[in-house]
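Visitor: Okay, here's what each chain looks like letter by letter:
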Amino acid sequence: MSLKSIYGEILNEHNLRPMNKRELKDPTFTLEGKNPTCGDDIILQLKVNEEGIIEDGGFTGSGCAISQASADIMLDLIIGEKKERALELASKFMGMIKGEASEEDIEELDEAGILKDISHMPARVKCAVLGWHTLEEIFKEEDQKGF
Amino acid sequence: MSKSPYKKDFPIFENSSCIYLDSAATAQRPRQVIDAEREFNERLNANPLRGLYDLSMKATEAYESSREAVASFINAEKSEEIIFTRNATEGLNLLAYSYGLNFLSEEDEILTSVKEHHSNMLPWQMVAKKTGAKLRYLELSEDGSISEEELELKLTDRTRIVALLQVSNVLGSTEPIEKIVKLAHKKGAVVVVDGAQSVPHMKVDVRELDVDFLVFSGHKMMAPLGIGVLYGKKKLLSKMPPFLRGGEMIESVSLGGASFAELPHKFEAGTVNAQGAYGLKAAISYIEGIGFDKIREIEDGLCEMIFDGLSKLPYVHIQGSKDPYKHNGIVSFTIDGVHPHDIASILDGDGIAVRAGHHCAEPLMNYLGVQSTARASLYLYNDEEDVRAFLEKVKNVRRWLGLES
Ligand SMILES: Cc1ncc(COP(=O)(O)O)c(C=O)c1O
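Residue numbers (my numbering), protein chains in the order written: chain A, 1 to 147; chain B, 1 to 405.
There is no bait here: all hints are sound.
Derived DSS-like pairs: lysine-lysine, alpha-carbon spacing no greater than 27 Å straight-line:
1) K4(A) / K312(B)
2) K326(B) / K179(B)
3) K116(A) / K393(B)
4) K145(A) / K82(A)
5) K395(B) / K4(A)
6) K393(B) / K4(A)
Which stretches of chain A does chain B cover? Using the computed rule of at least three CB atoms under 8 Å from a CB of chain B, they are:
7) 7-19
8) 61-72
By construction, these hints were calculated from the structure, which means they are not laboratory data.
Ideal placement from N, C-alpha and C gives every residue a C-beta, glycine not left out.
With the rest of the complex left out, here is chain B (with noise of 0.2 Å):
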């Protein structure tokens, strides 16, 4: 497998030469996925959820369509259960001003992690400055992981949200939710898992991990941007008030208030994104057509083939677990001597593109003890072509700063 299958699929491999390494960032999109999109445009476009014509029904139905997927592929009981958002930042934000502001107070804690994603860590500093509750972190083992004592430890009688991501977009680890949720039950708290860069790469089962909020991106999955999910839920959902209001998320409205919509659509105020949730549904049929463990067996396939061409460089260092089975696809890096921004630079230069920075985890950067790093990203549509001009070019980097490789 020296050359991909799947980058045929992939337009945007034919008009750019690019060897992407970003996909943590954002995927690229299968054909499959941009014609989704253009048959809505084309052949179903009205506005959803209003009117009373054929179209408007087809495009309700398109839409509806969508919600079923997204439901079965993470295993919801009930569709009403996916809430769209535009991408995971907003279903965090969502919980955040609907769950936490409202069912939090004083005497409450929220436990986070120190290796969060600003966007699962600035909502919930919200929620504790306004609603006086105490915001505690999780710190990390030696590996990057949780440990269960440090859980044990910080996971109390008063914790009543337990926002964790899944999988690291720095480190590539994974947390074992599955565990965490019943110790979190237990102690009578919420669980809010950050999906953004698991559902993408490994099959999540809401039921079977038994979590009660789960947020993630289309866009990170091969779907177009601006469309994302958020998962409640029901019994939590249903007690939970709106986030936005406006239309098509009323029962009835009168000059001294309203009654809102029953769910989902409580939650989806205004004309919603139903192109993206269709070719969010093509993305997810995509991915089922290849299946998760041939997904799994490529990205570790190729994360092997890095681990072992970086481990050759002593002046490069990987962050996070040694085993690259562990690691998702992702390998954020450093080299001796050259800022990260420059590595991303340099590599651009020779047509790859690697991410660098601080990877919107500040904290997490500060915890491992560097400003920034390079990162590379796998996803299906990689093979062993841009991993081998990968580790080619990285070589030379230091070169170019007039240092010896």
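Looking at chain A on its own, in the form it has when it is part of the complex (with noise of 0.2 Å):
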């Protein structure tokens, strides 16, 4: 199994031209996430109104293609929705990668569905987390502060 299936259109767009890798300038929430085994960083960026909703996001930094398309591609899904949404896809997104998700869930995920096989890839994992993981830890950084 190798992953050589993953680097096709959809990867190489987002990575190349990732539409989201820009700087807000006045984000409600920024949090830096790295991969120390690869060197990978990104600074993800949200906007959240007070209803929750996610009104836009961005991310800086620089990694592999997987970090980076798959960062790109979480924000894709994520603008525009409910906070609660967006922790719920990224609970989809976290078992798809473990190969515990089900097929409607991986529909849901939509383009990110594209690192599914990514699972079978311990190594790479991490970089395909990373944008998902460090939205999660903005959540929880935000629930520990009490808002």
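Work from the hints to combine the two standalone chains into their complex.
Guide: The following block contains the structure:
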């Protein structure tokens, strides 16, 4: 089982021309996520309104095609969604990476579904989840602060 | 020599079609080594150094004969100067704990370099922190080497330990150990050489180099995983306290204390990896059967082929010397627009194994101004077919990521 099939049009498009790779002017949250084994490093920013809707999001940083594309696809999915829905998608994504997601879950994850085979390649799993993990951390920190 | 005559000695190549270019991480094992381990398990196994019966004596003999083989391989004066460890990392930690922590103090300095593997850096950082000694780093010249001026600048009357690798696992460069040892000894420092990447590929003669300590790992020279070597001059090892304590390393024990066994057993606490040592002996004899001249010829020839091939690709950049003969079969490279992990994953899809990452040398990566690199590394069983396949597939990497090649 190789990962080569993952490197296709969708991944390349999001890696080469990531629409969400930009700095936000007035983000509500900013958090850095790091993958120490390969030096991937992203800074995720979210703008969340009072109703808990993610109005805007962006990421900066550098990393492999998988971490970059995954973060870009994630933002496509969660911008315009409520925080709870974003976390639900994150948990489905994590499930998919563990090889535990149903067909429907993967369907819901839309373009992020291209990364499902990464579960066979433990060394690259961290790249795929970097953006999603950082997202979960942002809201975990928020909860701890008791917003 | 299109196909390697040695490939047939390595069962893994019968069972896997993998084009293996990651020998600097760990080498493959020839049948001779695998058979030696089996022989030990099927005919010689008992707890070595303990028993009073035939099998245990056979196990002991197998183990001690391996020590002698190692001693003669690196030309140590006495076999008791050979301590078996798990790997190079353990050897370096043994030195840090037993020598560093006991013989260094605030006024002293430890000298190492920015290009070390973390295994030859973190133990010394620990010693510096605990003893208050100062840890100094040799920096590199343009071509990745350590200049004599840099050495003379940083080597002082306070330097007690100089810890350096002989061959870099990233750049493939070789340090002039003999010269460094002379300078260090003039200042009264002991020299620790990390031979993890040199001992598998070149004759390392500890007496000719006059090094005080040398560490290396068996698995990078075709021996089994889990066996390594620390060489130390007897007069130094004798004054060092044990690193680990327990069985097999004592002379006598009472409730109040213990007196320790003679060298080398003082440093080999607990039941030892005798089958691994026996496998290492077989690996040494395999290497000696082929000879380092031949090994060098194979590695240099293939390395030159890689250089020629990659130099035709303007978007590929090789780290370190421009001379393929100065790489010891190690080629670290980057591809414009492609993260090294993606290079490795895409090549893996073509059945080619290369390493990607910081190669346990993060400070060196910072120094080189890259986050990570991909690395192809060679050994005697590689051949032109391997290199041709590698070069062919490297050409396609950028295209896989939607870039122009
Ligand atoms: C230069 C160098 N030193 C030390 C080591 C550590 O070897 P081991 O992991 O076998 O202890 C390595 C292996 O990666 C190395 O390349």
